[in-house]
Amino acid sequence: MDLNLHTEKPRLSLTAIVCGLSILLLTSCGGNKVNEKSNKDLSIDSSSLILKYDNTLFSLPSPYQASAIIKSNSLPYNSELPNPASRVSNYNSNFKKGYNLGIYGTDLSYFNIYDKSQECITYFAAVKRLSDELGISSYFDDNFFKNIETNIGNQDSLLLLTSYTYRNADMFLKRDDRSEISAMVLAGGWVESVYLLCQLATTTKDREIINRIGEQKYPLDNLIDILSPHYYVSPEYSELVDDLVDLAYEFDGIIFNYYYKPPKIDPKKKLITINSESQVVLSESQLEVITKKLTAIRNKAVQ
Amino acid sequence: MVKKIFILSFLFFLGISFKAHSQLEQLQNICALYFPPEFISDGQQYFAPLKPDQDVEFRTTFYGDNVYRIVACTNAKKGELIFNVYDTEKNLLFTNENYDKSPYWNFEFKSTVSCIIRIKVDAKRFQPGYVMLLIGYQQRK
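Sequences listed follow chains A and B, in order.
Counting with the working numbering, you get residues 407 to 709 for the letters of the first sequence.
Counting with the working numbering, you get residues 1322 to 1462 for the letters of the second sequence.
The set of hints was computed from the structure by calculation and includes no laboratory data.
Be aware that one or more of the hints could be misleading.
As the list claims (entries may be wrong) - Quick list of in silico lysine to aspartate or glutamate cross-link-like pairs, DMTMM-like style, CA-CA up to 25 Å:
#1 A:K477 to A:D521
#2 B:K1411 to A:D521
#3 B:K1411 to B:E1401
#4 B:K1399 to B:E1429
#5 B:K1431 to B:E1359
#6 B:K1372 to B:E1429
#7 A:K502 to A:E586
#8 B:K1398 to B:E1429
#9 A:K611 to A:E656
#10 B:K1441 to B:E1418
#11 A:K698 to A:D672
#12 A:K552 to A:E586
#13 A:K611 to A:D658
#14 A:K675 to B:E1346
#15 A:K667 to B:E1346
#16 A:K674 to B:E1346
#17 A:K706 to A:D631
#18 A:K623 to B:E1378
#19 A:K674 to B:E1410
#20 A:K676 to B:E1401
#21 A:K698 to A:E642
#22 A:K670 to B:D1408
#23 B:K1372 to A:D582
#24 A:K674 to B:D1376
#25 A:K477 to A:E690
#26 A:K552 to B:E1418
#27 A:K675 to B:E1429
#28 A:K623 to B:D1408
#29 B:K1441 to A:E690
#30 A:K611 to B:D1376
#31 A:K552 to A:E539
#32 A:K477 to B:D1386
#33 A:K670 to B:E1418
#34 A:K502 to B:D1376
#35 B:K1422 to A:D658
#36 A:K698 to A:D649
#37 A:K670 to B:E1410
#38 A:K670 to B:D1421
#39 A:K676 to B:D1374
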């Protein structure tokens, strides 16, 4: 009997190990297993290496486009708006590192449109430091910095380089099943770009900028959907999602009208013109509350 | 014995994982062919594995007075990728099905529109693989 017990135990352990590894293998290599949480609709599909909600992926408009709007409206440069690069050493958790990696990316594009070369170099160094600490520095190697040096003063190339680098970092993080960090980079990019718009809207009352803020209703919903599966990763994640949900209530009060109009297509140019029209109605008091809440979220992020 | 099986399983796992990574890198290179430098990436790379009889859906917002390029590609063998773009009222704005299933298309938005991009692979039998989507906007001159 004893002998049987001794021979059975290792067999069970072996089976358990092989089964365990097989499950791990299937979930990480495109199998169909979906990790079900208490809410069946809200799940993280580890096989896809990406956040999913009923097989839906959520994306945000480019944070660099905020800078393009600022540029096209000839708004004055304000050196106090971006998060100082000197704070980089304050960020100790992966949450804060990812968050501020996104924030610095938006700040970089802000400096870039005003041709602030020295600031661009300083912020690229801060970006490199955070990416080193997050283990994604392979996209910020010596060649990357050589490219930066070569392209200083060339706004288009620097913007292209920044967006390309962030895209690769995004892929790297998602592919390595670190979606919670990639979500934070996205959150940082969005929070900082809307923060810049809010600060500028408050001082200039520029209608295009105010409309652009009002148009963040759906992107904010998408950001919440991206972050929600990570709600329980740490109290920092829960607090951020709660703050964003609270902000979303303010956006719910914005009137957003949409009128469908048939598009026009030019097959030769592979171009379709979407003629549908949208209209945002955002009052000054709504802008004030949104600015206040968003500034609080942003200031918490950069502390 | 346990150690040996563990090492073998670990190596097998690493091998498969490496294959998935190289598949994605290969797919990234294919997609990049349709993404010229005049389009600035939104800084995100969207990819998902194909599953039988399932579409992949992407939700995003496009700003007014901007031109965007959407690139959608797959590494599924013998499969052609179809992408449809809808507004939030489910009006079909575009399908590449009418244009030789082109892997990319440019979109000029007069106003800001939130869209749903639905992707599926047209194949007689299910083909395993990934789909990838890139979105970029054209810089205002």
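Status of the hints after comparison with the structure:
| no. | hint | verdict |
| --- | --- | --- |
| 1 | A:K477 to A:D521 | holds (11 Å) |
| 2 | B:K1411 to A:D521 | violated (42 Å) |
| 3 | B:K1411 to B:E1401 | holds (23 Å) |
| 4 | B:K1399 to B:E1429 | violated (31 Å) |
| 5 | B:K1431 to B:E1359 | holds (19 Å) |
| 6 | B:K1372 to B:E1429 | violated (31 Å) |
| 7 | A:K502 to A:E586 | holds (12 Å) |
| 8 | B:K1398 to B:E1429 | violated (32 Å) |
| 9 | A:K611 to A:E656 | holds (19 Å) |
| 10 | B:K1441 to B:E1418 | holds (11 Å) |
| 11 | A:K698 to A:D672 | violated (44 Å) |
| 12 | A:K552 to A:E586 | violated (30 Å) |
| 13 | A:K611 to A:D658 | holds (21 Å) |
| 14 | A:K675 to B:E1346 | violated (29 Å) |
| 15 | A:K667 to B:E1346 | violated (39 Å) |
| 16 | A:K674 to B:E1346 | violated (31 Å) |
| 17 | A:K706 to A:D631 | holds (21 Å) |
| 18 | A:K623 to B:E1378 | holds (19 Å) |
| 19 | A:K674 to B:E1410 | violated (28 Å) |
| 20 | A:K676 to B:E1401 | holds (18 Å) |
| 21 | A:K698 to A:E642 | holds (20 Å) |
| 22 | A:K670 to B:D1408 | holds (15 Å) |
| 23 | B:K1372 to A:D582 | holds (20 Å) |
| 24 | A:K674 to B:D1376 | violated (28 Å) |
| 25 | A:K477 to A:E690 | holds (23 Å) |
| 26 | A:K552 to B:E1418 | violated (43 Å) |
| 27 | A:K675 to B:E1429 | holds (12 Å) |
| 28 | A:K623 to B:D1408 | holds (15 Å) |
| 29 | B:K1441 to A:E690 | violated (44 Å) |
| 30 | A:K611 to B:D1376 | violated (43 Å) |
| 31 | A:K552 to A:E539 | holds (21 Å) |
| 32 | A:K477 to B:D1386 | holds (14 Å) |
| 33 | A:K670 to B:E1418 | holds (16 Å) |
| 34 | A:K502 to B:D1376 | violated (35 Å) |
| 35 | B:K1422 to A:D658 | violated (38 Å) |
| 36 | A:K698 to A:D649 | holds (12 Å) |
| 37 | A:K670 to B:E1410 | holds (18 Å) |
| 38 | A:K670 to B:D1421 | holds (18 Å) |
| 39 | A:K676 to B:D1374 | violated (29 Å) |
The earlier numbered hints that this structure contradicts are 2, 4, 6, 8, 11, 12, 14, 15, 16, 19, 24, 26, 29, 30, 34, 35, 39.
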